[in-house]
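Peer 1: Chains as they are written, first to last, in numbering that gives the first Met the number 0: chain W, 0 to 553; chain G, 0 to 313.
Some clues are possibly wrong.
[As the list claims (entries may be wrong)] Below, in silico cross-link-like pairs of lysine-lysine (DSSO-like), each with a Cα-Cα straight-line distance of 27 Å or less:
id, chain 1, residue 1, chain 2, residue 2
1, G, Lys127, G, Lys228
2, W, Lys419, W, Lys378
3, G, Lys228, W, Lys212
4, W, Lys237, W, Lys89
5, W, Lys154, W, Lys98
6, W, Lys419, W, Lys394
7, W, Lys154, G, Lys53
8, W, Lys130, G, Lys83
9, G, Lys53, W, Lys213
10, W, Lys443, G, Lys53
11, W, Lys212, G, Lys53
12, G, Lys83, W, Lys237
13, W, Lys213, G, Lys83
14, W, Lys154, W, Lys89
15, W, Lys154, G, Lys228
16, W, Lys428, W, Lys443
[As the list claims (entries may be wrong)] Far from chain W, some chain G residues (derived; all Cβ distances over 12 Å):
id, residue
17, Leu17
18, Gln63
19, Ser79
20, Thr82
21, Thr167
22, Gly221
23, Gly247
24, Val293
25, Val295
26, Val299
These aren't lab readings, by the way, just hints derived from the structure by calculation. The structure presented is a predicted model; accordingly, all values stated were derived computationally and were not measured. Even for Gly, the Cβ is constructed at its ideal location relative to N, Cα and C.
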Amino acid sequence: MDAQHGNSREAQGLSRRDLLKAGIAAGMAVSAWPLYDPPTLWGGEAESPKRGGTLRVRGFDPPHFDPHIATATFTQSTLSFVYSKLVRHKVGGNVSPGKFSVEPDLAERWEELDDTTYIFHLRRGVKWHNKPPVNGRELVAEDVKFTYDRFLTEKGNGNRYLLDDVDRIEVMDRYTVKFLLKEPFVWLINVLAYPLSTWIVAPEVVQQYGDLKKAETAIGTGPFILERYEPNVKSVFKRNPDYYLEGQPYVDAVEWLVVPDESTGLAMYRTGQIDCGPEASWAVRQQDLDSLKKTHPHLMYQDFQSQSGHVITMRTDMPPFNDVRVRRAISHAIDRQALIEAVWGRGEPTPAVSRGLAEWSLAIDQLGPGAAYYRYDPKEAKRLLAEAGYPKGFKTQLTASSGYGRDMLDNAQLILRYLKDVGIEAELKTQEHGAYVATTVQGKYEGMIRGPLGITWEPDRRLYRAYAADSSSNIGHVNDPTLSAMVKAQRRIKDLEARRQLIYDIQRYEAEHQYYVYLNSVTITGTWQPYVKNYSPNQSYDYGNRAAALWLDR
Amino acid sequence: MQQYVIKRLLLVVPTLLLVSVIVFSLTRLIPGDVVVLMFEEKAYAEDLEALRAKLGLNQPIYVQYGIWLSQVVQGNLGESLWTKRPVLEEIARRLPVSFELGAMAIVFGLCWALPIGVLAAIRQDTMKDYAARSLAIIGLSAPGFWKATMIIVFCSIWFGWAPPLQFTPFTQGPWQHISQFILPAILLAFGASASIMRLTRALMLEVLRQDYIRTAWSKGMGERRVVVKHALKNAVIPVITIIGLEIGQIAGGAVVFETIFGLPGMGRFMLDAINQRDYPVMQGLNLLAASTIVFVNLLVDMTYAYLDPRIRYQ
């Protein structure tokens with residue numbers, strides 16, 4: 000009605016006063032209009048993909064480019080743009096953080112002949128990047144065998160343990176490979192999807208260069224081609240026109256920028272010089288979050304729990320930590336919530352499987368009798384210590400690395416204080432990171448360690464390494480036959496639901512025995528510009544596939 | 000003169016040798032072991048001793064020095080322990096960035112330090128003088144990293160603006176390239192120019208009290224002419240000497256500014272090398288810096304000798 004009325008007046012002609020009023024009204028309307036378009040939820044996956052543009056993100060400067068001799072995330076993350084794997088974790092706007100479903104990558108399908116034999120059928124027509132010495136030839140089964148043979152035999156492959164159960168790889172025909180295991184290992188497919196050293200490399204490149212350390216060797220079948228590497232400045236990846244996924248990548252190029260200073264990274268994000276959050280996992284630090292949200296409410300934000308976490312490790316094979324009452328006392332002595340608030344901003348107390356691994360982790364209140372030991376209760380801690388024969392507490396040491404940053408050392412100091420409150424006099428021993436990795440992480444230490452939990456994409460990596468009696472990573476020196484049998488058993492259970500129940504039982508058992516005093520996982524806030532579509536954050540080193548699946552709608 | 004030049008040139012040899020010993024041993028005195036740091040990568044060898052042997056760090060220190068020196072005299076500064084890239088190549092790539100930043104900082108610094116210094120002197124004990132001196136004190140006392148971080152953080156929060164923080168070579172975008180240098184150069188100049196400004200002011204005050212200036216005033220000469228032509232010209236000579244000293248401060252400041260403003264220059268290279276205990280890189284950079292100073296001194300000595308014959312006959 001009003002509109003019709005307006006139209007009729009317009010037809011009669013406008014007076015100057017009307018024009019002025021209309022101008023003011025229009026001005027008010029424009030000024031009240033949001034400065035930015037309200038973002039569509041999850042980057043608007045319903046829209047059709049848009050080609051073009053350059054994605055600019057804060058990345059890393061890899062120390063070298065060889066995936067089989069690097070545990071460093073800097074190398075693995077950079078290589079994720081260039082290489083593919085047999086299978087991969089799902090990416091895209093519809094994937095919830097914390098979920099790591101496996102989908103085909105170079106293998107279009109796979110089958111399990113028996114408990115120890117897996118057959119992978121490769122996609123046909125997948126081409127290597129059009130660079131010498133491979134010059135865009137087709138990927139074949141021999142390449143896969145070469146890659147995994149190198150993975151298993153390369154000296155200094157810190158990730159070799161991932162495939163310890165693989166006996167050998169055989170080529171069945173041009174497009175089929177067979178993985179033969181030493182013993183059943185139901186997590187094989189999940190492990191092959193890890194963004195860790197499992198990238199398929201070309202034999203000719205290794206033969207030509209001797210190793211894969213130089214940037215020129217980064218030739219894969221992945222969504223992007225490494226066009227330029229400027230040490231300490233950036234890597235520039237251009238779209239691979241022959242990528243096997245039709246239409247992807249949507250962006251023409253990715254600039255993977257080296258920005259050493261955190262404040263500079265945040266300023267770049269604030270001013271639109273980069274398209275995604277400046278921290279690892281394209282997130283923003285919790286201490287910067289409020290201010291960023293205040294000045295940039297139009298940006299996309301997504302909270303999720305980390306799959307890594309924080310832990311106190313103890314020499315459970317030595318007194319006093321071989322007494323369960325002492326370990327429980329330590330767990331009671333620590334106010335986890337206060338620690339989270341004081342140091343990490345936000346987070347959640349965690350059991351053995353970090354809370355971020357949503358499909359496998361139990362909430363604390365579901366841990367059964369063990370849940371009680373997560374309660375902050377210094378009185379109970381003192382009682383337990385007295386019962387264990389330490390009424391006046393004891394002296395010990397807590398080792399921490401200087402390489403995990405100031406927050407970790409602050410956290411260690413607070414823990415010392417909590418321990419002191421119940422009578423445990425722990426001395427902080429700060430090690431340089433290299434020394435820490437060479438000794439403490441190898442299980443050579445006294446007393447306790449305050450360190451982070453490694454990132455994991457399924458529960459086996461955490462549980463088996465921590466509790467199997469024969470695991471070289473069992474740095475708590477846990478020797479509990481029941482627990483060891485449980486972590487071994489879950490590796491053989493094919494039924495997913497039955498396996499999940501056993502994983503839950505392991506977490507409950509651990510909570511009761513407190514072999515490791517798990518503290519908390521931290522909240523990560525992924526953030527990206529509203530014009531970045533079909534993107535969802537996750538804690539993974541696979542930045543390349545996520546960059547290939549997103550598009551820019553500027 | 001010829002004999003003097005030869006004598007001085009010959010003296011450079013033991014000086015450089017001494018410099019090389021100092022440079023080599025100083026880098027080894029920094030606490031922390033590169034082998035332990037690198038072992039974190041697990042990429043290089045099976046254990047610490049194997050890695051030490053692989054890097055050649057298991058040999059006695061004098062053997063390591065001998066190997067390094069023989070490389071240096073052949074024009075090879077070795078390669079980075081971490082990246083395996085030749086140090087000389089890396090320096091050649093980064094030197095222009097630092098040189099550009101330093102040169103811009105000196106130009107900017109002079110552009111305001113001299114006029115403000117003069118103004119403070121001719122308006123002594125006025126508000127203008129106090130303001131100029133306060134500015135100098137702030138420039139001298141506020142640390143570079145703080146100034147740079149404050150500017151970047153608050154400009155991005157309040158105005159949604161930050162200078163381009165990703166390095167673009169001149170050939171790929173001249174304007175982008177220059178605009179990336181402007182802010183760090185201004186901030187670097189702000190610190191370095193404070194002492195130039197203070198010195199200019201002090202010298203100007205001294206000169207302005209000279210008899211010949213009073214004569215100039217009494218002749219009825221205009222202020223501009225008295226100040227610029229008669230006073231400044233005489234006051235500025237020691238200022239030029241101090242600019243040379245400021246170059247050291249600018250080089251030091253560049254480490255911080257290059258890191259914060261994303262400039263891949265020598266400063267950032269040095270910082271990374273120290274953090275990683277990358278001995279060949281640290282040695283190469285220090286040797287280059289020390290040699291530059293040795294040669295600049297040589298040049299100065301020769302210039303003096305040329306200008307003052309008494310020196311060369313001593």
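Peer 1: Against chain W, does Leu17/G hold up as non-interface, every C-beta pair farther apart than 12 Å?
Peer 2: About 31 Å separates Leu17/G from the closest Cβ of chain W, which puts it past 12 Å; holds.
Peer 1: Are Lys154/W and Lys89/W close enough, with their CA atoms no more than 27 Å apart?
Peer 2: violated (31 Å)
Peer 1: Does the structure keep Lys127/G and Lys228/G at a Cα separation of 27 Å or less?
Peer 2: Roughly 22 Å between the alpha carbons, so the hint for Lys127/G and Lys228/G holds.
Peer 1: Hinted pair, alpha-carbon criterion (27 Å max): Lys443/W, Lys53/G. Please report holds or violated.
Peer 2: Judged against 27 Å, a Cα distance of about 24 Å means the pair holds.
Peer 1: Can the restraint linking Lys154/W and Lys228/G be considered satisfied, given a maximum Cα separation of 27 Å?
Peer 2: violated (74 Å)
Peer 1: Keeping to a limit of 27 Å between CA atoms, is the pair of Lys83/G and Lys237/W held or broken?
Peer 2: holds (26 Å)
Peer 1: Verify that the Cβ of Gly221/G lies farther than 12 Å from every Cβ atom of chain W, and report whether the claim holds or is violated.
Peer 2: holds (48 Å)
Peer 1: Could you let me know if the closest chain W CB is still more than 12 Å away from the CB of Val295/G?
Peer 2: holds (28 Å)
Peer 1: Would you mind confirming whether the straight-line C-alpha gap from Lys228/G to Lys212/W stays at or under 27 Å?
Peer 2: violated (63 Å)
Peer 1: Non-interface claim for Thr167/G: all C-beta distances to chain W beyond 12 Å?
Peer 2: About 10 Å separates Thr167/G from the closest Cβ of chain W, which leaves it inside 12 Å; violated.
Peer 1: Holds or violated: are the alpha carbons of Lys237/W and Lys89/W at most 27 Å from each other?
Peer 2: holds (22 Å)
Peer 1: Checking a non-interface call: every C-beta of chain W should be farther than 12 Å from the C-beta of Thr82/G. Is that right?
Peer 2: At roughly 7 Å from the nearest Cβ of chain W, Thr82/G sits no farther out than 12 Å, so the non-interface label is violated.
In summary, the structure is inconsistent with hints 3, 5, 14, 15, 19, 20, 21 from the numbered list given earlier, while agreeing with the others.
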